[in-house]
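All chains, please: the whole structure from these sequences, using the hints.
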Amino acid sequence: MILKVVTSNPGKVTEYREALSSFSIDIEHTRIPYDEIQTSRLEDVVENGMEHLKASGLTDFIIDDSGMFVGALKGFPGVYSAYVQRTIGNAGILRLMENEENREANFQCCIGCNLKGKDIVVLGKCDGMILKKETGTEGFGYDPIFSHDGKRSFAELPIVEKNRVSHRGDAVRLLMKEIEKVV
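By numbering that gives the first Met the number 0, the letter at position 50 of the sequence shown is numbered 49, and the numbering carries on one by one without gaps.
To be clear, the hints were calculated from the coordinates, so they are not data collected in a lab. Treat the hints with care, as some may be off.
[Claimed, not checked] Pairs of lysine-lysine, PhoX-like flavour, derived with a Cα cap of 20 Å: (1) K131 - K3; (2) K117 - K73; (3) K176 - K3; (4) K117 - K53; (5) K132 - K150; (6) K150 - K131; (7) K150 - K176; (8) K115 - K180; (9) K124 - K53; (10) K117 - K3; (11) K3 - K73; (12) K124 - K176; (13) K73 - K124; (14) K176 - K117; (15) K115 - K73; (16) K176 - K131.
Following this line, the structure appears as structure tokens:
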């Protein structure tokens, strides 16, 4: 089975390829632009994107939207995580958190999958915290400032370990349970 991962982020493709390798699913990186609505829920962004892609004739695909939700920042950057990463980056988030005692945060990943004409939408989550400085060289985005265990950033984890504990890994496991019902 081949699933197209629609993204401009090669890091996501690598994570999907590793996470789905044991399920005999081949991943094809596909770059097709689609509208990403501005809303407060990841699920709304994904569902709207899926409708746009299906209307263009695409089938058997995965899209996702992820966000980092920081408690002390009232959930910011949340659904705006990609934009915030491009504009102020990790350094900007660390500046916003400079005097904050509460460093709790979570990552969420909403995956939408169209497979054999059926739509599946799942939401994965990983609780953790914002570190005080960037550490590690792996991963992408907020990985150097987010830790699930308070010891290592996501950017310090090998991809196999990251997939076991991350929001995307959680969402992929939920997705696989749903795919098994379809195939």
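Hint check results:
1. K131 - K3: violated (37 Å)
2. K117 - K73: violated (35 Å)
3. K176 - K3: holds (18 Å)
4. K117 - K53: holds (11 Å)
5. K132 - K150: Cα-Cα ~12 Å, so holds.
6. K150 - K131: holds (12 Å)
7. K150 - K176: Judged against 20 Å, a Cα distance of about 31 Å means the pair is violated.
8. K115 - K180: holds (11 Å)
9. K124 - K53: violated (26 Å)
10. K117 - K3: Holds - the C-alpha atoms of K3 and K117 are around 15 Å apart, at most 20 Å.
11. K3 - K73: violated (34 Å)
12. K124 - K176: holds (16 Å)
13. K73 - K124: With Cα atoms ~17 Å apart, K73 and K124 stay inside 20 Å; holds.
14. K176 - K117: Distance ~14 Å between K176 and K117 Cα, so the pair holds.
15. K115 - K73: violated (39 Å)
16. K176 - K131: Violated, because 36 Å separates the two Cα atoms, which is more than 20 Å.
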